[in-house]
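**Q** Given next are the chains, with one letter for each unit.
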Amino acid sequence: MQWEVVVGLEVHTQLLTQSKLFSGASTTFGGMPNSQACAVDLALPGVLPVLNRGVVELAVKFGLAIDARINSPSIFARKNYFYPDLPKGYQISQFELPIVEGGHIKIKTGKSNEENEKIINITRAHLEEDAGKSLHEDFHGMTGIDLNRAGTPLLEIVSEPDMRSSSEAVAFAKTIHTLVRWLGISDGNMEEGSFRCDANVSIRRLGDEKLGTRREIKNLNSFRFLQQAIEAEVEFQKYTLETGGEIKQATVLFDSDKRETQVMRTKEDAHDYRYFPDPDLLPLIISPDWIEEIRASMVEPPDLCFSRFIDSKIDSNSKATYALSKYDASMLTADIDIANYFEKVVEIIGRKEAKLCANWVIGEVAARLNQDNKNIKASPVSPKQLAELILRICDGTISGKTAKDVFSTMWDGENHASADEIIKTKGLKQISNSDEITKLVDMILIDNPQQVADFCRGKEKAFNSLVGQVMKATKGKANPAQVNDILKERLNKKGQE
Amino acid sequence: MAVTLEDVKRVANLARIEISNDEAHTTLDQITGIFSLIEQMELVDTSTVIPMSHAQGVEQRLRKDEVTEIDQHELFQSQAPKTEAKLYLVPKVIE
Amino acid sequence: MFNSSLNQLSTLLSTKKVSSVELTKDFLRNIEILNKEYNAFITVNEELSLDQARIADAMIASGEGNPLTGIPIAHKDIFCAKGWLTTCGSRMLSNFVSPYDAHVIELFNKAGTVNIGKTNMDEFAMGSSNETSFYGPVKNPWDILSVPGGSSGGSACAVAARMAPAATGTDTGGSIRQPASLCGVSGIKPTYGLVSRYGMIAFASSLDQGGPIAKSAADLALMLNVMVGFDARDSTSLQHENEDYTRDLERPIEGLRIGLPKEYFAEGLSDDVSRAVDAAVAEYSKLGAKIVEVSLPNTKLSIPVYYVLAPAEASSNLSRFDGVRYGHRSEEYTNLDDMYLKSRTQGFGAEVKRRILIGTYVLSHGYYDAYYIKAQKLRRLIAQDFTEAFKQCDIIMGPTSPSVAFDLGEKNNDPLQMYLSDAYTAAASLAGLPGMSIPVGFGKKSRPVGLHIIGNYFSEAKILNVANQFQQVTDWHTKMPDIKNSK
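Residue numbers (our numbering), protein chains in the order written: chain A, 129 to 625; chain B, 191 to 285; chain C, 10 to 496.
Misleading hints may appear alongside valid ones.
Unchecked claim - Ranges of calculated distance between the beta carbons of each label pair, as one might list FRET restraints: (1) B:E264 x C:I42: 37 to 43 angstroms; (2) A:R393 x B:K282: 14 to 20 angstroms; (3) B:E264 x A:Y367: 52 to 58 angstroms; (4) A:F223 x C:E250: 32 to 38 angstroms; (5) B:D212 x C:E46: 33 to 39 angstroms.
For the record, the hints were derived by calculation from the structure and aren't laboratory data.
Remember, predicted model here, so these are calculated numbers, not experimental data.
We treat Cβ as the ideally placed atom computed from N, Cα and C, and that holds for glycine.
Using the sequences and the accompanying hints, generate a full structural model.
**A** What follows is the structure, given as structure tokens:
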């Protein structure tokens, strides 16, 4: 039987603010337990919430970036349930009238990572408080509660059930991840739990209109688990339906070791959260002027940046274009810091060499960052240093191969030496003087009569061996193109002799 | 919409209030009386009325995003039933 | 001295006729003698009070005194005060020493007043008789067989029995006005949003409002001058320009239009109360006020609406009491859920549990629209009634309570009857309007009767003016119960 997979995602992303959603306590990760849980976070009797302006601005940025409606008023509501990491016994969230409603994002699917584009609609994005943490290591059979995270602002982004496979779901999650980091509204740090997903999964017979019964997989904190969990869930649902069973609405957890989903609670024992507007908070009004002010402060969104990078018109809205391939552009726009780095390099060199710059950023720079587990912002080689290095390839001072050595020296060096300084100290300047090369070639030809004879008999391989000899003699500094030309010319002459 | 014994037990559980069968019966009697009063609300047509959550039609005030709180965990935890290693202790949470 | 007004006490202090330490010791001694009988205070802490008295004396000596500097003030045990046991009348908080000050407490501290003790109250302010307190009922000093009203019963009793010159209270559906009425003292609930709720333990957030209880309108004005103030920590605190609430006390009220809602003088009002209120209204006519009949057609629904909205908010507000971070935790439990169940079941009294259950029910799935939303819609109609009425009058008057103080235990097993004692006060709370009660005579068994005065938003100065003009020509507010042990 042919099944169609239907997935909708809920992404919880921590917003990057100094202080919490409703209190002035710090949101810094990794503090001593409960050192960042103030009276409001602890829900002491009598304390009250006051909304953080910074949080509202970040949520509005997200809404504007996905072309959504910014609701004004939007309303904060209480979601009531008991849990030790939820001090008030309710979470302040948004239910009716969330701050962001509607909007959409474009995801790229397909193996080539560039061919297919698909629009995924966003239902809503709302603000809510994060909970504290339960530490399950044993305290005499008890659980320890750390409330430092309690009250940290979260933006919950809810998609329509528009995805049709686990890979589309992952592409969606990755696109949102890139977007929130790009906009500077979240650090997206998955290890610290700043970015977590819930997936609503159902299947239906191909061609059916009606959606199947869904099960919600909670708390997926890596793209790999997201993919595996959806796949495991789809397998379970297919097996159940194909063996005459029935899917019951439920909340499930993914066991990554067993690669299976396990029921946490069924619909029957679903919580009755008793949502109602929080009487301690008033309607949030966001004026059109404020929205425009926020819009003006925003960076170019990643999809526009991508379009501009592949555009070949000289300028697009008076911003630079680079006529790059979709592949290069998607690599460079995977992260705003990479895009910025690339643009700084090209700015120095000129857009004619954009492709070469892209190769360097995607190639050498990315490889070294990856190897050293570093963010591009912490790159030891600055865009200026890299630009100066690439310039020396363009003007023939060094070969591409030598450039890689210079780059390596630059990366490992501590004194931020320029390309020119390294080339000079190490004597790496390319020999481009044709007289000098001709003299060298002639010497090699005299020293290697056998190869010369072989070449004359038509053995092409002997040519490469002779080039190698020349490069070796110059320690790689000879301009390879020139060596080729001169060698051919001298050999031809010899052949004619 | 008569309140039932099941309702009383269900909301008691939601509110984490322990209630014996006898107590549930007594509570049901009292609550039924109160709801007979509450049901008077149905007599007025409110189809065109906008709900009123607050007495004043004012909007949410916003706080500047800055850290204003200091670490006071020792003071706060002096009120806690059980703590260890700066953590609040509760019976084992089973997930 | 125990009968002195705040102004008189202030003069005694500023002219060094008495020190704050002496005054504080006198009132502490009065409390020590009388509290055994009346149970108006949950906590008295001589050391903390005298510390403040010494600071006050230093302030006065250095000329930094304010009108209330050095005066002992009793605070309802709903206000968090740093270092003070703050119980909210509940076993749940019977071990809670507040690590911080409520905004109201900060303001009184800044004014240099002395916290003379924390007053008894209905548990979590849920009650109209003070009988729901974990610390036992407060007795009405006019008749110890009767209730003092609630929930600010301890504060009203403390003022009536001269254990404190003035006190703070809170009012959610009548909790300042009704006990003031039943104890024969004056009390005012300001416009919602004028007194910060920060540090005032929440009952029903959209209705709770702090206010003072004292012997006269003039004293209340001085108290409001301290208590009212914007607080950035309370999102519902209003950025209202500071006023001097004493400014209009002496203004004549000739031509004042007093509206009498016909619904307040209908079925359910006892004759003795009706007579005293009529006499008071007649006195206002003599002062030159015009009496007009007004109508508040939806006011009869204020009790049903109130008993949906207040319990709903309370059920959620009281979820934080779970025995994890502070407050009562059961000695024995088998697991986490059992700890929640036992701690909350032991920590809360019957009335609090009842309201939590009602509130949980009206918010639960399938009932929310029929109860909660419906009640919020009616709340708007109730508020609009007042807007209409204030087109025809400047001030609204009526009885504060349908009857004089009832006997202790009389309505204990009949919550419905108990809830009806707020019949006249809940509407102003729902509308967020300021309301006041002043003593205007005595009814059955010589128990006090209160006159309810409701003004438009932010008309506290006018309400106080209207009350003060009455108190200038009558002496009901100077009457005090027969307290043998008092000087």
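**Q** Now look at each hint and say whether the structure bears it out.
**A** Checked hints:
{"no.": "1", "hint": "B:E264 x C:I42: 37 to 43 angstroms", "verdict": "holds (39 angstroms)"}
{"no.": "2", "hint": "A:R393 x B:K282: 14 to 20 angstroms", "verdict": "holds (19 angstroms)"}
{"no.": "3", "hint": "B:E264 x A:Y367: 52 to 58 angstroms", "verdict": "holds (55 angstroms)"}
{"no.": "4", "hint": "A:F223 x C:E250: 32 to 38 angstroms", "verdict": "holds (36 angstroms)"}
{"no.": "5", "hint": "B:D212 x C:E46: 33 to 39 angstroms", "verdict": "holds (36 angstroms)"}
Consistency note: the structure conflicts with none of the earlier hints.
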